[in-house]
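Add chain G to chain F, keeping to what the hints say.
From first to last, the protein sequence lines stand for chains F and G.
Taking numbering that gives the first Met the number 0, I'd label the letters of the first sequence as residues 0 to 623.
Taking numbering that gives the first Met the number 0, I'd label the letters of the second sequence as residues 0 to 172.
Among the hints, a few may not be true.
Calculated pairs, DSBU-like style, for lysine-lysine (alpha carbon to alpha carbon, straight line, at most 35 Å) [said to hold, decoys possible]:
| hint | chain 1 | residue 1 | chain 2 | residue 2 |
| --- | --- | --- | --- | --- |
| 1 | G | Lys-102 | F | Lys-520 |
| 2 | G | Lys-90 | G | Lys-102 |
| 3 | G | Lys-2 | F | Lys-416 |
These aren't lab readings, by the way, just hints derived from the structure by calculation.
Each chain is listed here by its residues.
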Amino acid sequence: MILSHIGYYSLLLGFIISVILLFYSIFYFIKNSQKINQNIFSLLFLQFFTVVISFISLVYSFINSDFSNATVYNNSHSTKPIFYKITGTWGNHEGSLLLWLLVLTLFIFLFIIFSKKQPVKYRFLSIFFQQIIILGFFLFLLLTSNPFSFLFPIPNEGLGLNPILQDPALAIHPPILYLGYVGSSIIFSASLASLIQKNINKEWANHIKKWIQIAWFFLTIGILLGSIWAYYELGWGGFWFWDPVENVSLMPWLCLTALFHTVIVLEKRNLLKSWTIILSIATFTFSMIGTFLVRSGILNSVHTFANDPERGVFILIFLFSLIFLSIILFFIYQVNESRSEKSFFLISKETSILINNWFMMYFLSVILIGTTYPIFLEVITNEKISIGPPFFNKLIIPFLILFLIFMALGPNLKWIKDNYKNIKYSRIFLFFVCIFISFYIIKKTSSEILFISILGGAALYLIFITINEFLNKKNNFSQTISHFGFSLFVMSILLNSLFSSEFSANMKLGQELAYNKEQIKFLKIKSIDKENYKSIIANFEIKDEKKNIISLYPEIRIYNQPNILTSEADIKTTIFYDKFIVINLLKGEEIFNVRYQTKPFMIWIWISVCLVSIGGILSVLKKN
Amino acid sequence: MKKNIFYLSILLFFTFIFTIFYLGLDKPNFYKPKEVKNKNLEEFISTELFSNKQFNSKDIIENNNFTLINIWSSWCVPCRSEHGKLMNLSKKTDLNIVGLNYKDKKNNAIKFLDEMGNPFSKNLIDPNGIISISLGAYGVPESFLLNNKSRIIKKFIGPLTSDNISEIIKIIQ
Numbered sequence: 000m001i002l003s004h005i006g007y008y009s010l011l012l013g014f015i016i017s018v019i020l021l022f023y024s025i026f027y028f029i030k031n032s033q034k035i036n037q038n039i040f041s042l043l044f045l046q047f048f049t050v051v052i053s054f055i056s057l058v059y060s061f062i063n064s065d066f067s068n069a070t071v072y073n074n075s076h077s078t079k080p081i082f083y084k085i086t087g088t089w090g091n092h093e094g095s096l097l098l099w100l101l102v103l104t105l106f107i108f109l110f111i112i113f114s115k116k117q118p119v120k121y122r123f124l125s126i127f128f129q130q131i132i133i134l135g136f137f138l139f140l141l142l143t144s145n146p147f148s149f150l151f152p153i154p155n156e157g158l159g160l161n162p163i164l165q166d167p168a169l170a171i172h173p174p175i176l177y178l179g180y181v182g183s184s185i186i187f188s189a190s191l192a193s194l195i196q197k198n199i200n201k202e203w204a205n206h207i208k209k210w211i212q213i214a215w216f217f218l219t220i221g222i223l224l225g226s227i228w229a230y231y232e233l234g235w236g237g238f239w240f241w242d243p244v245e246n247v248s249l250m251p252w253l254c255l256t257a258l259f260h261t262v263i264v265l266e267k268r269n270l271l272k273s274w275t276i277i278l279s280i281a282t283f284t285f286s287m288i289g290t291f292l293v294r295s296g297i298l299n300s301v302h303t304f305a306n307d308p309e310r311g312v313f314i315l316i317f318l319f320s321l322i323f324l325s326i327i328l329f330f331i332y333q334v335n336e337s338r339s340e341k342s343f344f345l346i347s348k349e350t351s352i353l354i355n356n357w358f359m360m361y362f363l364s365v366i367l368i369g370t371t372y373p374i375f376l377e378v379i380t381n382e383k384i385s386i387g388p389p390f391f392n393k394l395i396i397p398f399l400i401l402f403l404i405f406m407a408l409g410p411n412l413k414w415i416k417d418n419y420k421n422i423k424y425s426r427i428f429l430f431f432v433c434i435f436i437s438f439y440i441i442k443k444t445s446s447e448i449l450f451i452s453i454l455g456g457a458a459l460y461l462i463f464i465t466i467n468e469f470l471n472k473k474n475n476f477s478q479t480i481s482h483f484g485f486s487l488f489v490m491s492i493l494l495n496s497l498f499s500s501e502f503s504a505n506m507k508l509g510q511e512l513a514y515n516k517e518q519i520k521f522l523k524i525k526s527i528d529k530e531n532y533k534s535i536i537a538n539f540e541i542k543d544e545k546k547n548i549i550s551l552y553p554e555i556r557i558y559n560q561p562n563i564l565t566s567e568a569d570i571k572t573t574i575f576y577d578k579f580i581v582i583n584l585l586k587g588e589e590i591f592n593v594r595y596q597t598k599p600f601m602i603w604i605w606i607s608v609c610l611v612s613i614g615g616i617l618s619v620l621k622k623n
Numbered sequence: 000m001k002k003n004i005f006y007l008s009i010l011l012f013f014t015f016i017f018t019i020f021y022l023g024l025d026k027p028n029f030y031k032p033k034e035v036k037n038k039n040l041e042e043f044i045s046t047e048l049f050s051n052k053q054f055n056s057k058d059i060i061e062n063n064n065f066t067l068i069n070i071w072s073s074w075c076v077p078c079r080s081e082h083g084k085l086m087n088l089s090k091k092t093d094l095n096i097v098g099l100n101y102k103d104k105k106n107n108a109i110k111f112l113d114e115m116g117n118p119f120s121k122n123l124i125d126p127n128g129i130i131s132i133s134l135g136a137y138g139v140p141e142s143f144l145l146n147n148k149s150r151i152i153k154k155f156i157g158p159l160t161s162d163n164i165s166e167i168i169k170i171i172q
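Looking at chain F on its own, in the form it has when it is part of the complex:
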């Protein structure tokens, strides 16, 4: 009770500070102040502090199961384990927005501390734009989704947290993803500030690059965690479903990846200024669009755990005000790049990065259209459709081939001007060798050989080229490891989808079935009462042709609050394949639907994404 009051008034205080900071920063900006005075630092810290206080109060209300708080009542239950009581704080709409705000205020505070070398006016403007965003989120929180609203009479028991969210990977997935999403807000504010100050140059690129890399790193890891969670918790055995909510996290990622590369061109060659600004604006806009699509309930998805159309209106208006604001600013203060700055030499590193950007934009538009087209169609013609994986696969895979080839060739080119005579013919020869190898492998296994074997060849080519780079002493280690990771990523997905096999049947206790040289035996079943669920654990034995025996223990959980049934897959992971088994309750507790899958190279998908992000974090740590 008292905690809710503290939390609420602390939020109000933060909101007031935000208004003060807005006026303060613009006032000092006009006054041409020569330095950022201590008051601004204190206010920024205080603002961060108020959000921390209110976040802690909410966490405490969750730990104490204080059901007088509506958020706690709706999303918690007194029998829930303490860990999930805490993580339940951001497992719901109100709490997760509070987390947004926490990260927003933290980032602007850190930004001002670490940007001391930058021009003062630019820093004031960055505070100004960031405070507009923060103000918007304070209003959103206070007006439409107050995490501290009271319930009277006080309920005895809460409604519980959705059981599929009660998972360690998902507990840390939102905070990490938010660091990426919200990290892009600071890029947005800073790029608008530098647009007005006309200081888009090498120094600025050097300074903003670190922020881009940090946001990119967290976004990558955040998406990875979400994907791992979907793999073992949703029980379908896939790791990416082209689901709208997954897509909206991929859109800012693609923008950010393009920006990651473009900003290097800006840093080294003072080129692509407007494009860098457009990408910075777009990245944050896509993060906001993501929030809008997920929170408003406009899209139907397995991931929408909290939604409310009225909140959607607020985010939509806020989102488009930001878009219009940035478009207008962009037009007024547009950058005049001189003609010499615009021209590129055809064979150069700049061109290859530009090509990377074209591909990123292409992938982005495919995903954007695939995700939002159903909304447009429904509004205009009232027809409901859903766009599935085939659409994305058909449009993305062919282009991925070219993308991989450019990725192998581009990084070796020189800045400014390279000569085509420097291209080694051995590399072209190697490319055809790779295609031949993959053609040979795939011919034996699959009928759709054309695209896949070229794609496999291209991925293999990139693997060879990057390994070759590692051996080269003058290599750019962080870049090479990221590109190597990416080639490994494409390769493992390819092999995974080619060689995956699935077996599905209804089985009784004691039954034994044969499948693909393997014997699957349903041995035992037992039922255990746990803290907040009843667990039914089955025991399966898989015997392969060499008489190796693997025991698997898939589980069904019947949660008490709210009453939901979840299937927990059991997965045995080795470096070559995953054995994945999941059961579902049919009638009574006798017959079960069993799905058994062999998924080759699953772990390599996770490892390769880790490698990609390690490359990203290494470039943050790298000295100039």
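Here is chain G on its own, set in the frame of chain F:
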């Protein structure tokens, strides 16, 4: 001049997207997913709370034009607030309201109905929650509106609101 037209068209483009998204918000299709809406309710057998007799769900449902199955429990707080609305509904209309008493103790359930009134024509029990799960319920309270062919016309997750009640009345008349 040319530039201005360019700017204007970009602004118009974003305004168009804004309008579409705004209109799209009025069409959230969450609480009546297609597959649930046009599915038949799974048949089940259960015991009546008061008479201790066994009933088949099909017999109860298909003798009436419309049936509302309400999943409730005496320990469930929102059910308590919902109960008055069910009482009103049973008085105003001749809708066949069937209760499904979820994970409850018999004495508590009877006490609850004595205290708050009994809107149900029959009250089936679901002591371990298996029936509710097989019906595809998420929790308590939850209500299914069915026609005389056991087809789910509408599903209400959470306590019924006044709007839901008037919607039900509209459908059955």
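Hint by hint, here is what the structure shows:
no.: 1; hint: Lys-102(G) <-> Lys-520(F); in the structure: 34 Å, holds
no.: 2; hint: Lys-90(G) <-> Lys-102(G); in the structure: 27 Å, holds
no.: 3; hint: Lys-2(G) <-> Lys-416(F); in the structure: 33 Å, holds
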